[in-house]
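According to my numbering, the sequence shown is numbered sequentially starting from 889.
Worth flagging that the hints you see were computed from the coordinates, not collected in a lab. Incorrect hints may appear among the rest.
[What the hints assert, rightly or not] For each label pair, taking beta carbons as the anchor points, the in silico distance ranges come out as:
#	residue 1	residue 2	range
1	V967	G988	31 to 39 Å
2	E927	R962	17 to 25 Å
3	A926	K903	28 to 36 Å
4	P968	A1002	38 to 46 Å
5	K984	T1008	29 to 37 Å
6	P922	A1001	35 to 43 Å
7	T974	V994	22 to 30 Å
8	T974	K1000	28 to 36 Å
9	G905	E971	18 to 26 Å
10	P965	V994	29 to 37 Å
By construction, the Cβ of each residue, glycine as well, lies at the ideal position given by its N, Cα and C atoms.
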Amino acid sequence: MSLSTADKRAGDYYKEGFNCAESIFLAFREQAAPELGAETVRIATTFGGGIGNSGCLCGALAGAVMILGLLRGRTTPHVPRSEAYTLSGEFHNRFKGEFGATCCRVLRKNQKAAGSGAATCVEIIRRTDELLREFIKDKEPARTLSDCGSQ
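Sequences and hints are given; from them, build the entire structure.
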């Protein structure tokens, strides 16, 4: 699956009824980690609508950060968390630079205020998926998802 097909797939998942976080998670899992069971998407469900429809953190951003956690997170407390924190912080800043906000409520308000000029949720999901893939490629993770359990 090409990069453009993958980010389109994230938008397609959203159109099928998955929320923003689930859509990012599923598109990445489908291409990069099919060995993860279908039930793993459950972890993303509660992040939709800005965490339980609260309008806070954008679910697309939350889904992307979950993927970074899978790639660089830890499974034991003695492993430093600094690398994962640095990467997630960098991605957060990249997202904010792209969309001007990280809050679902603000992003949706901007959509309404700007009419068709602002990015829709589907466009944000597709672009976030693209940003994530570019970010991961730029950082050249030393581990793959199949290595995640070895820490």
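task: Of all the hints given earlier, name the ones this structure violates by number, lowest first.
output: Result: hints 3, 5 and 9 break, sorted rising.
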